[in-house]
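> Chain by chain, the residues:
Protein chains: 2
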Amino acid sequence: MKIVCSKQNLFNGLLIVSRAIPSKPSLSILDCILVDTTKGNITLTGNNIDMGIETVVEGDIIEPGIVALDAKMIVEIVRKLPDSEVTIETGKDYKTTIVCEKAKFNIMGKSGDEYTYLPKVEKESSIVLSQYALKEIVRKTIFSVGENDNNILMRGELFKINGTTLTVIALDGHRVAIRNIELKEAFGDREIIILGKSLNEVMKIISDDTEKEITISFTQKHVVFEFDETVVVSRIIEGEFFKVSKMISSDYETKMIINKRELMDCIERAMLLVKEGDKKPIIFNITDTKVEIMISSSIGSMKEDIDIEKQGKDLMIGFNAKFVLDALRVIEDETVEFFMVNPKSPCFIKKEGEESYTYLVLPVNFSMVN
Amino acid sequence: MKIVCSKQNLFNGLLIVSRAIPSKPSLSILDCILVDTTKGNITLTGNNIDMGIETVVEGDIIEPGIVALDAKMIVEIVRKLPDSEVTIETGKDYKTTIVCEKAKFNIMGKSGDEYTYLPKVEKESSIVLSQYALKEIVRKTIFSVGENDNNILMRGELFKINGTTLTVIALDGHRVAIRNIELKEAFGDREIIILGKSLNEVMKIISDDTEKEITISFTQKHVVFEFDETVVVSRIIEGEFFKVSKMISSDYETKMIINKRELMDCIERAMLLVKEGDKKPIIFNITDTKVEIMISSSIGSMKEDIDIEKQGKDLMIGFNAKFVLDALRVIEDETVEFFMVNPKSPCFIKKEGEESYTYLVLPVNFSMVN
Numbered sequence: 525m526k527i528v529c530s531k532q533n534l535f536n537g538l539l540i541v542s543r544a545i546p547s548k549p550s551l552s553i554l555d556c557i558l559v560d561t562t563k564g565n566i567t568l569t570g571n572n573i574d575m576g577i578e579t580v581v582e583g584d585i586i587e588p589g590i591v592a593l594d595a596k597m598i599v600e601i602v603r604k605l606p607d608s609e610v611t612i613e614t615g616k617d618y619k620t621t622i623v624c625e626k627a628k629f630n631i632m633g634k635s636g637d638e639y640t641y642l643p644k645v646e647k648e649s650s651i652v653l654s655q656y657a658l659k660e661i662v663r664k665t666i667f668s669v670g671e672n673d674n675n676i677l678m679r680g681e682l683f684k685i686n687g688t689t690l691t692v693i694a695l696d697g698h699r700v701a702i703r704n705i706e707l708k709e710a711f712g713d714r715e716i717i718i719l720g721k722s723l724n725e726v727m728k729i730i731s732d733d734t735e736k737e738i739t740i741s742f743t744q745k746h747v748v749f750e751f752d753e754t755v756v757v758s759r760i761i762e763g764e765f766f767k768v769s770k771m772i773s774s775d776y777e778t779k780m781i782i783n784k785r786e787l788m789d790c791i792e793r794a795m796l797l798v799k800e801g802d803k804k805p806i807i808f809n810i811t812d813t814k815v816e817i818m819i820s821s822s823i824g825s826m827k828e829d830i831d832i833e834k835q836g837k838d839l840m841i842g843f844n845a846k847f848v849l850d851a852l853r854v855i856e857d858e859t860v861e862f863f864m865v866n867p868k869s870p871c872f873i874k875k876e877g878e879e880s881y882t883y884l885v886l887p888v889n890f891s892m893v894n
Numbered sequence: 525m526k527i528v529c530s531k532q533n534l535f536n537g538l539l540i541v542s543r544a545i546p547s548k549p550s551l552s553i554l555d556c557i558l559v560d561t562t563k564g565n566i567t568l569t570g571n572n573i574d575m576g577i578e579t580v581v582e583g584d585i586i587e588p589g590i591v592a593l594d595a596k597m598i599v600e601i602v603r604k605l606p607d608s609e610v611t612i613e614t615g616k617d618y619k620t621t622i623v624c625e626k627a628k629f630n631i632m633g634k635s636g637d638e639y640t641y642l643p644k645v646e647k648e649s650s651i652v653l654s655q656y657a658l659k660e661i662v663r664k665t666i667f668s669v670g671e672n673d674n675n676i677l678m679r680g681e682l683f684k685i686n687g688t689t690l691t692v693i694a695l696d697g698h699r700v701a702i703r704n705i706e707l708k709e710a711f712g713d714r715e716i717i718i719l720g721k722s723l724n725e726v727m728k729i730i731s732d733d734t735e736k737e738i739t740i741s742f743t744q745k746h747v748v749f750e751f752d753e754t755v756v757v758s759r760i761i762e763g764e765f766f767k768v769s770k771m772i773s774s775d776y777e778t779k780m781i782i783n784k785r786e787l788m789d790c791i792e793r794a795m796l797l798v799k800e801g802d803k804k805p806i807i808f809n810i811t812d813t814k815v816e817i818m819i820s821s822s823i824g825s826m827k828e829d830i831d832i833e834k835q836g837k838d839l840m841i842g843f844n845a846k847f848v849l850d851a852l853r854v855i856e857d858e859t860v861e862f863f864m865v866n867p868k869s870p871c872f873i874k875k876e877g878e879e880s881y882t883y884l885v886l887p888v889n890f891s892m893v894n
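Just so you know, the sequences run in chain order A and B.
So in the numbering used here, the last one in the first sequence is 894, and the numbering has no gaps at all.
So in the numbering used here, the last one in the second sequence is 894, and the numbering has no gaps at all.
Calculated directly from the structure, the hints in this document are not laboratory data.
In this text, all values refer to a predicted model and were calculated from it rather than measured experimentally.
You may find that some hints are simply not true.
To be verified - With a straight-line Cα cutoff of 30 Å, these simulated DSSO-like cross-link-like pairs (lysine-lysine) come out:
hint, chain 1, residue 1, chain 2, residue 2
1, A, K803, B, K875
2, B, K659, B, K684
3, A, K526, B, K684
4, A, K868, B, K846
5, B, K814, B, K846
6, B, K708, B, K634
7, A, K628, B, K814
8, A, K531, B, K784
9, A, K814, A, K799
10, B, K784, A, K604
11, B, K708, B, K875
12, A, K846, A, K721
13, B, K846, A, K626
14, A, K799, B, K634
15, A, K770, A, K799
16, A, K684, A, K745
17, B, K736, B, K721
18, A, K628, B, K779
19, A, K604, A, K647
20, A, K531, A, K628
21, A, K868, B, K799
22, A, K779, A, K803
23, A, K644, A, K634
24, A, K784, A, K684
25, A, K619, B, K628
26, B, K708, A, K619
27, A, K784, B, K604
28, B, K799, A, K604
29, A, K596, B, K626
30, B, K604, A, K604
31, A, K531, B, K846
To be verified - Derived, one-sided and incomplete: chain B residues facing chain A with beta-carbon distance under 10 Å:
hint, residue
32, R603
33, K616
34, T620
35, A627
36, N630
37, E638
38, L642
39, D696
40, C790
Just so it is clear, CB atoms sit at the ideal spot from N, CA and C, and this is done for glycine as well.
Turn these sequences into a full structure, and let the hints steer you where they fit.
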């Protein structure tokens, strides 16, 4: 095999597919990137058990062929090359030379025979949205995925298509994140659970461009993301997702409207007093015109008042500070609305009369502090 | 004790003295910053076995007193406070409240009774230079300090004052770094070995300002750095430094003049093939108009030519790539000059006819590669 391409194109392609390379060496062919030029273009592939990525790099094929190259090594070598033409040539026993200007590297490649290509999937249905829109909706929900949860369903995000509405839902045992966006056209109704880990990797590859599109297609076993010159195939999580609609209620006894920035700053200060692994709750004492925010731990205590607008009853309620903060961080509005019933029932952060987001946070027990 | 000062002043002061707080908690009073307002100003102190730092923070003393506060805790709390006035008040049993706008923290302080103040030192002699000049001369030599060397002398830098010349020398068993600068006036001749670790911390506190001065004073046991509102006292290393002048020779058999950037890029590429802990040398094959740079390891091999100017004999010589690179990184010149005798004798990187820098690198044995 012999190819010539620009350092920058090659490097970008290598970075994209290396997102599917296991970060801990598996000491198998999975640590390699496959370079395949037998189908008329330069295709790079990275693959692991959950997800595979394929991308096409612009360049000239002097001699078609296939070689598997250690991903870390080839990425680092190409990164350090001058910004010029790169020639990769594979000889006997997959001995590979990489030449760029006056620099010449020799490394050992491997046969691509054992390499698992991306599965050929029969797409049943698909949706199209901008890369930016996908990135935003995932960013604003994925923190609620239970990454290492025993329940595999919690390790994924539900993508629910209903006419022109895409709803994305993530939850662990303590909170739920729900986001809705409108698609440009109606697609067939469908529900699918995509592995959070795979989504995270796709987010790192796609752009922030509102003009660039991405197509997401579904099959029984896989989800396929297609954008630019790249294809990502990920396993889907089989099973039925939690009935989130049953958890959601619009009844409340206490509604608090508060400045988001002030509340975030206050919670961040309060968290200084919580050591990692420590489960000290942050307490909201909600009265007519202010919320008194308190925390007390082995390190010390903190108290701070923030002005609010309130409707309904006074309430004292405790939260895991991090869960409230995670939700606040991804809300765009300057003021946020908390809807609460009592110290034992879920608290909803949402905008009344609007559907774009709902964050549910379960309260935690607390003992009174002075 | 009760003080009021701006968040920014307080935070800057805390950051400065926390440089002397052990990074691993010692579970002793050394983990604390001492706040002492009994001498008419707000003095913060951080102290460890090797080094102590004292700085004065602008602010109002409402009630004089002394308290020791856990350094990590107070730094993080003040970091997160709004940019406003901060009040610190210590009550019974050193219970301390920190108030800023509507935020109020309670933490436990400690008595300052056990705290070791900075030693009162009798300055015997001193030099004055700009903070920038000190920062530069240390940055360009300190990488040669043998940080964990069994020989305590190698863990320090020699500061040698000779009339108006300040020479700073650092060395480990494989290389020597020497830098000279001219001071504005002559100071008494003196040699002193300053702990590399302490110098590193001082570098992080002083500014890049060529206008701001720093005074370095010496005693039998200590070196004192005085700048802005801050005093740093460090132990000095006792003993006689290595006779570096005996290692330096101006005789050579081969002189190579080479573009620094090209050589650095090439060595950085070559280092990709060296695994950590692996001692594969980089080989320079110097002939009339070019140097062929080669490396060969278990991972692969690399070869690259760079154009040079040469005087004297052809030479093939091997180096630890990192040691050459460390020196090149701190040389300001576009082209560098290598002076060599044979594959066993020290190589000097310096500018002929100039005294500002000399880097000595010992060559290493190598076996020929194809």
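> Which hints, by number, does the structure contradict?
1, 3, 4, 6, 15, 19, 21, 25, 26, 29, 30, 33, 37, 38 and 39
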